[in-house]
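**Student:** Here are the chains, one letter per residue:
Protein chains: 2
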Amino acid sequence: MTVTIIGIGLIGGSMALALKEKGFSDRVLGVDANTMHREKALALGLVDEIMEMPEAVLQSDLVILATPINVSEVLLPQILNIAGKQVIMDVGSTKKIICESVAIHPRRGRFVATHPMWGTEYSGPEAAVRGAFEEKAAVICGKEESDRDAVEMVEQVYRLLGMHLVYMDARAHDVHVAYVSHISHITSFALANTVLEKEREEDAIFELASGGFESTVRLAKSNPAMWVPIFMQNRENVLDVLNEHITQLRKFKACLEKENYTYLEELIENANGISRILK
Amino acid sequence: MTVTIIGIGLIGGSMALALKEKGFSDRVLGVDANTMHREKALALGLVDEIMEMPEAVLQSDLVILATPINVSEVLLPQILNIAGKQVIMDVGSTKKIICESVAIHPRRGRFVATHPMWGTEYSGPEAAVRGAFEEKAAVICGKEESDRDAVEMVEQVYRLLGMHLVYMDARAHDVHVAYVSHISHITSFALANTVLEKEREEDAIFELASGGFESTVRLAKSNPAMWVPIFMQNRENVLDVLNEHITQLRKFKACLEKENYTYLEELIENANGISRILK
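Top line first, the protein sequences correspond to chains P and C.
Numbering of the first sequence is given in our numbering, commencing with residue 6 and proceeding in unit increments.
Numbering of the second sequence is given in our numbering, commencing with residue 6 and proceeding in unit increments.
Heads up, some of the hints might be wrong.
Copies of one chain are not kept apart here, so a pair can be met inside one copy or by any two copies together.
[Claimed, not checked] Dumping the calculated DSSO-like pairs for lysine-lysine here, alpha-carbon to alpha-carbon at most 30 Å:
#1 LYS45 / LYS256
#2 LYS258 / LYS101
#3 LYS263 / LYS45
#4 LYS258 / LYS45
#5 LYS27 / LYS90
#6 LYS45 / LYS148
#7 LYS141 / LYS263
Because the hints were derived from the structure by calculation, they are not lab data.
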């Protein structure tokens, strides 16, 4: 099976490694606009060959679109224009806009809209890791818009990666990820800026920062080239969640200002309820 | 060496394990107001014997005060009242109020105010783990107020635990921990409440939650009995940081509302600077 990876970064690179290791692909072609990424991807053995897009697509059975979502949105119609029997899947963090971008495309059926719920705060080919994706969820959106054989191939890919499949429509997906992923990144970015703004003694942070701080702030290392387009595309859902989050923070602020520690305790006890729904 | 642990929970229990393992203590006495905790601590082998406070203190070389900080503040003067040559250290998350509580005590010198920068979101004796504290910082506050032999014993304890020592005054400590620990807990509690408030489809969170969400929200499982007193005692510093954090979040909100993605990118790039100061 020949697989083309477009965008050989954290997600594309980790998929390339996994699909070779699992024996799904004996030939991985890499497409990337960034010369450094192309060279690194080859050097790291993530891909077998570097190629330009039309050629790579034409030689492939499966095309994985793993660029930032604003790029994917532009590339996907171009890929469908030249695709024949190929299956094309994306792995982007929002699903509504990319699905709309090809909704009336005559070869819409060859495309499967997906989102594997795995990532780290790092990016680029050197961020690719073995064993990524395992035991996480892979979302497939608008399955009924895709050809049956295309969906089956994508399901096979995700099962090989050790993921469990979840099906939902693109609009619902975008609401849910605002809660379980996008808001976490905003709070982490804002927390980093809070500390960088007011805590002038960086040495003290460096010395004292413990596991708790690191875990809430590590996402703040994430790449703006990936995240700005996500916040653009999921703007309304993210704003809804962000407004609610600021409201919740104001409750903590009010408790401290008014020294209402009974209510503060209730807020914390309520937050403890997250244990119910976290694995 | 006989060591008394008062409050045999996450921190006290983990210290008990480490001090036995490292050969510092051949006899660990446990004091705890909670019957269940006493039984569990014995059953888990965290302590050798359960005892009441005056007796345990009198039989000890070192007393480790590991109760919630509002309790420690009350117990510490009582312990100093009966202490002779014993060394008493606390391990609480704020330092100003406990130091003030014994500032003019005739036996102030026997007390060493400390804060080991390690913890998890779990509490109670069953949360105690082996290998805790390693490679983290231990803060010693107002060293000059303590007797030299007392400081030396505490330094020895923390070095045995594999920690590096940091010295600062209690007021500076409380400001720094507002940044590197307390605000992380508030954002995490508020994030949990945001999701629990608005996301009605808990199954979807459960299915989709990935590592990023889990790492920003895991602190929301933390125990209110520990955290309400911390926020009470460090109220002014936490309010300062919380106000700044809300201001930072509002900048993200304004970017999204005004669709100012250039500024959004700048905010994220600025947040990326946290890489400089995180290990």
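**Student:** All hints, please: hold or fail.
**Tutor:** To see whether the hints hold, each was checked on the structure:
1. Proximity of LYS45 and LYS256 under a CA criterion of 30 Å is satisfied in neither setting, with 48 Å inside one chain copy and 36 Å between copies.
2. In this assembly of identical chains, the alpha carbons of LYS258 and LYS101 lie at most 30 Å apart only when taken from different copies (21 Å versus 36 Å within one copy).
3. For the homomeric pair LYS263 and LYS45, neither the shortest alpha-carbon distance inside one copy (56 Å) nor that between copies (38 Å) is at most 30 Å.
4. Taking identical chains as interchangeable, the C-alpha atoms of LYS258 and LYS45 are never at most 30 Å apart, the minima being 48 Å within one chain and 37 Å between chains.
5. Taking identical chains as interchangeable, the C-alpha atoms of LYS27 and LYS90 lie at most 30 Å apart only when both belong to the same chain, with a minimum of 23 Å there against 65 Å between chains.
6. Proximity of LYS45 to LYS148 under the C-alpha cut-off of 30 Å is found in neither arrangement, the shortest distances being 35 Å within a copy and 52 Å between copies.
7. Taking the shortest Cα distances, LYS141 and LYS263 never come within 30 Å of each other, neither inside one copy (43 Å) nor across copies (35 Å).
In terms of the numbered hints stated before, the structure departs from hints 1, 3, 4, 6 and 7, listed from lowest to highest.
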